[in-house]
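Visitor: Between the sequences and the hints, there should be enough to build the whole structure, so can you do that?
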Amino acid sequence: MSEDLIQVRAEKAARLRALGVDPYGGRYDGIEPVAALLPKVPATGPGPEAALAGRIMRMRAHGKTTFLDVADRTGRLQVYARADQLGAAYEVVSLLDLGDIVGAQGVLQKTRTGEPTLFAKAVTILTKALRPPPEKFHGLADPEIRFRQRYVDLTVTEEARRYALARTKVVAGMRRILDAHGFVEVETPVLQPLYGGAAARPFTTHHNTLDMKLYLRIATELYLKRLLVGGLERVYEIGKDFRNEGIDKFHNPEFTMMECYQAYADYTDMMALVEEIVATLAREVTGGTTLERDGKKIDVTPPWPRLPFLQAVRDRTGLDLHAADVPRLREACRTLGIAFEPGMGAGALLDAIWSDRVEPHLIGPVFVTDYPVETTALARRHRKDPALVERFEAFLFGKELGNAFSELNDPADQRARLEEQARLLAAGDAEAHAMDEDFVRALEHGMPPAGGLGMGVDRLTMFLTGAPNIREVILFPLLRPEAGSPPPGAGG
RNA sequence: GCCCCCGUGGCGCAAGGGUAGCGCAGCGGAUUUUUAAUCCGUUGGCUGGGGGUUCGAGUCCCCCCGGGGGUACCA
Numbered sequence: 052m053s054e055d056l057i058q059v060r061a062e063k064a065a066r067l068r069a070l071g072v073d074p075y076g077g078r079y080d081g082i083e084p085v086a087a088l089l090p091k092v093p094a095t096g097p098g099p100e101a102a103l104a105g106r107i108m109r110m111r112a113h114g115k116t117t118f119l120d121v122a123d124r125t126g127r128l129q130v131y132a133r134a135d136q137l138g139a140a141y142e143v144v145s146l147l148d149l150g151d152i153v154g155a156q157g158v159l160q161k162t163r164t165g166e167p168t169l170f171a172k173a174v175t176i177l178t179k180a181l182r183p184p185p186e187k188f189h190g191l192a193d194p195e196i197r198f199r200q201r202y203v204d205l206t207v208t209e210e211a212r213r214y215a216l217a218r219t220k221v222v223a224g225m226r227r228i229l230d231a232h233g234f235v236e237v238e239t240p241v242l243q244p245l246y247g248g249a250a251a252r253p254f255t256t257h258h259n260t261l262d263m264k265l266y267l268r269i270a271t272e273l274y275l276k277r278l279l280v281g282g283l284e285r286v287y288e289i290g291k292d293f294r295n296e297g298i299d300k301f302h303n304p305e306f307t308m309m310e311c312y313q314a315y316a317d318y319t320d321m322m323a324l325v326e327e328i329v330a331t332l333a334r335e336v337t338g339g340t341t342l343e344r345d346g347k348k349i350d351v352t353p354p355w356p357r358l359p360f361l362q363a364v365r366d367r368t369g370l371d372l373h374a375a376d377v378p379r380l381r382e383a384c385r386t387l388g389i390a391f392e393p394g395m396g397a398g399a400l401l402d403a404i405w406s407d408r409v410e411p412h413l414i415g416p417v418f419v420t421d422y423p424v425e426t427t428a429l430a431r432r433h434r435k436d437p438a439l440v441e442r443f444e445a446f447l448f449g450k451e452l453g454n455a456f457s458e459l460n461d462p463a464d465q466r467a468r469l470e471e472q473a474r475l476l477a478a479g480d481a482e483a484h485a486m487d488e489d490f491v492r493a494l495e496h497g498m499p500p501a502g503g504l505g506m507g508v509d510r511l512t513m514f515l516t517g518a519p520n521i522r523e524v525i526l527f528p529l530l531r532p533e534a535g536s537p538p539p540g541a542g543g
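Throughout, this note's numbering is defined as the position within the first sequence, counted from one, plus 51.
Note that these hints are calculated values from the structure, not bench results. In this text the structure is predicted, and so the values were computed from the model without any measurement. Just to be clear, a hint being listed does not mean it is correct.
[Unchecked claim] Only pairs whose alpha carbons sit at most 30 Å apart, straight line, appear in this in silico DSSO-like list of lysine-lysine: (1) K220 x K291; (2) K187 x K220; (3) K348 x K264; (4) K187 x K172; (5) K91 x K63; (6) K172 x K161; (7) K63 x K115; (8) K220 x K348; (9) K187 x K91; (10) K435 x K450; (11) K348 x K435; (12) K347 x K300; (13) K91 x K220; (14) K291 x K450; (15) K172 x K91; (16) K172 x K115; (17) K115 x K91; (18) K300 x K220; (19) K300 x K187; (20) K220 x K347; (21) K172 x K63; (22) K115 x K220; (23) K172 x K220; (24) K220 x K264; (25) K450 x K300; (26) K63 x K187; (27) K348 x K300; (28) K435 x K220; (29) K347 x K450.
[To be verified] Pairwise CB distance ranges (calculated): (30) M263 x G71: 54 to 60 Å; (31) K220 x T260: 36 to 42 Å; (32) D299 x R66: 47 to 53 Å; (33) R227 x P304: 25 to 31 Å; (34) A86 x E210: 15 to 21 Å; (35) T331 x D371: 37 to 43 Å; (36) V237 x E533: 34 to 40 Å.
All C-beta atoms, glycine included, are put in the ideal place defined by N, C-alpha and C.
Guide: What follows is the structure, encoded as structure tokens:
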């Protein structure tokens, strides 16, 4: 049993203590990352002295010498420990296990087989691992363990580290680009008395002292626009949204969204921003502008094509649905053999047709533009056609990456559109908007015309890294509790 | 939600009605330039849980738990 394996390691920790060595040491000075050490190893002969710290991934003991492969965040380096160099301290090396965290100091030099190596003058145990690591060659194959015990996954799965580090590049790069454009980063409430800004079902929770129902936000949009009213002019937020919906390879119930709003701009400015963000980050993460997924390659070099929504629908179905009302849209669904619910409004019906007939054919990169007004309660009407809104969605590999509008700043139009949403909500459309009186009041104070954008950070990371599943780019994806874990509510 | 598949020592895998095996890791021994080190020896499993069929069940059936894929839902 694993208890035996743990016991063996615990006994080694005890033996280290008996030698006067703390198996859970503290600060270890003077180290450099492995990636910085490797160039310092001379082709022949001894190089400079150096120190490193990391986890033992492999170990080869030869009696009075031991080779340790030590890994840090940047790579792996072999450490060579000899009894005649370390003296009595070699006893410590003999008590090391795979998975232990060690520090080593010595001379950088290649071995006779050409392997860059730290010839150790000192080896220190910094942390004794009590549990054995996964199999050293095949690693972790069980996705359940990989996601539940990400701490183990990250130590042995190269891809897991690659995704995690790519994600930080994505987030940092996004901030850098937005900051350079004069946006300021803000934080808005996660707990909201009224949710909005997207069509989705929320999570609900409760505040005890105030005894009030609260929702976890499904979007940051309505608060960020209040800040435009307040005169902050260019704002963005990168944070978690929560949507109480299904889980699949592109959806996790909590996910990270970047939303930004730029006063005096419109949706065409947001297109340029999307192009810049995606192309720049593609270069930083992949080294180029070509992305590959499911055997398909796409080039994200700007500019991306623009495809009007109704034109795309017409191209795929032969139907012109411009300004179509509910009866006509229902008829179209029947003609196309697409199922619909009685409670669905024009927006939902159009979305059904779109999702069934058009979206699967989009590879991208492409901006789908100018949606029918019913699909979107928060976007400005099209300057040339009041049946449309100035909105686009960015598609990569046929999946939505981002959504943007010229923002609606006419309080009367906004009120009417939200009232229509409230009517749909009352009629049973669980994803329709609720009326938000304070938001309308804010618009009545005057919101500058603006372009706004929302972009999925998890999805962008997937597209840039080729990750097959959103769970790969979320360090701790939602899973059911494992057997034997505390029941819900424990720990309160 | 529905359909299909999977769950076997710490990890990676066999065994598909007839006594549960192998590799890695572990333990003991040899080994002062190895790198999935090697060699000799060796510990460890009520086969996710429960019920059933059978003389006999990892194996067949039912229920439950967990996971994966697909599908539905999903700005």
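Visitor: Could you run down the list of hints and mark each one as holding or not?
Guide: Hints versus structure:
1. Distance hint between K220 and K291 is fulfilled; the C-alpha atoms sit about 17 Å from each other, no more than 30 Å.
2. A distance of roughly 29 Å separates the Cα atoms of K187 and K220; the hinted pair therefore holds under the 30 Å criterion.
3. About 47 Å separates the Cα atoms of K348 and K264, which puts this hinted pair outside 30 Å; it is violated.
4. Taken as a hint, the K187 and K172 pair is honoured in the structure, with Cα atoms around 27 Å apart against an allowance of 30 Å.
5. Annotation: proposed proximity of K91 to K63 is violated, straight-line Cα distance about 34 Å (limit 30 Å).
6. Restraint check for K172 and K161: the C-alpha separation of about 15 Å stays at or below 30 Å, so the hint holds.
7. About 18 Å separates the Cα atoms of K63 and K115, which keeps this hinted pair within 30 Å; it holds.
8. Of the supplied pair hints, the one linking K220 and K348 holds, its CA atoms being roughly 22 Å apart against a limit of 30 Å.
9. This hinted pair checks out: K187 and K91 have alpha carbons roughly 28 Å apart, not beyond 30 Å.
10. Taking the CA atoms of K435 and K450, the gap is about 28 Å. The hint holds against a cut of 30 Å.
11. Annotation: proposed proximity of K348 to K435 is violated, straight-line Cα distance about 35 Å (limit 30 Å).
12. Between K347 and K300 the CA atoms are separated by roughly 18 Å; this keeps the pair inside 30 Å, and the hint holds.
13. Restraint check for K91 and K220: the C-alpha separation of about 27 Å stays at or below 30 Å, so the hint holds.
14. The hinted pair formed by K291 and K450 meets the criterion: a straight-line CA distance of about 20 Å does not exceed 30 Å.
15. With a C-alpha separation of about 17 Å, the suggested pairing of K172 with K91 holds against the 30 Å cut-off.
16. A C-alpha spacing of about 14 Å is found between K172 and K115, which places the hinted pair at or below 30 Å, so the restraint holds.
17. With a C-alpha separation of about 27 Å, the suggested pairing of K115 with K91 holds against the 30 Å cut-off.
18. Restraint check for K300 and K220: satisfied, since their Cα atoms lie roughly 22 Å apart, inside the 30 Å limit.
19. Distance restraint check for K300 and K187: the Cα-Cα separation of roughly 28 Å lies within the 30 Å cut-off, and the hinted pair is therefore satisfied.
20. The straight-line distance between the Cα atoms of K220 and K347 is roughly 24 Å, inside the 30 Å bound, and the hint therefore holds.
21. For the hint pairing K172 with K63, the CA-to-CA distance comes to about 22 Å; that is within 30 Å, so the pair holds.
22. With a CA separation close to 44 Å, the supplied pair K115 and K220 exceeds the 30 Å bound.
23. Among the hinted pairs, K172 with K220 is inconsistent with the structure: their alpha-carbon atoms are about 37 Å apart, more than 30 Å.
24. The suggested pairing of K220 with K264 is violated, with an alpha-carbon distance near 37 Å, which exceeds 30 Å.
25. Simply put, K450 and K300 have alpha-carbon atoms about 11 Å apart, close enough for the 30 Å limit, and the pair holds.
26. Between K63 and K187, the direct Cα distance comes to roughly 21 Å. Compliance with the 30 Å bound is thereby established for this hinted pair.
27. Among the hinted pairs, K348 with K300 is consistent with the structure: their alpha-carbon atoms are about 19 Å apart, no more than 30 Å.
28. Between the alpha carbons of K435 and K220 the distance comes to roughly 40 Å, so the proposed pair goes past 30 Å and is violated.
29. Only pairs whose Cα atoms come within 30 Å are accepted, and K347 paired with K450 is accepted, the gap being roughly 13 Å.
30. Roughly 59 Å separates the CB atoms of M263 and G71, a value that falls within the hinted 54 to 60 Å.
31. Judged by the Cβ atoms, the range 36 to 42 Å given for K220 and T260 holds: they are separated by roughly 41 Å.
32. The hinted range of 47 to 53 Å is satisfied by D299 and R66, whose Cβ atoms lie roughly 50 Å apart.
33. Against the hinted window of 25 to 31 Å, the Cβ-Cβ separation of R227 and P304 comes to about 29 Å, which satisfies the hint.
34. A hinted range of 15 to 21 Å for the beta carbons of A86 and E210 is consistent with their spacing of about 18 Å.
35. A beta carbon spacing of about 38 Å between T331 and D371 agrees with the range 37 to 43 Å that was offered as a hint.
36. Under the hint 34 to 40 Å, the C-beta atoms of V237 and E533, about 38 Å apart, fit the expected range.
The earlier numbered hints that this structure contradicts are 3, 5, 11, 22, 23, 24, 28.
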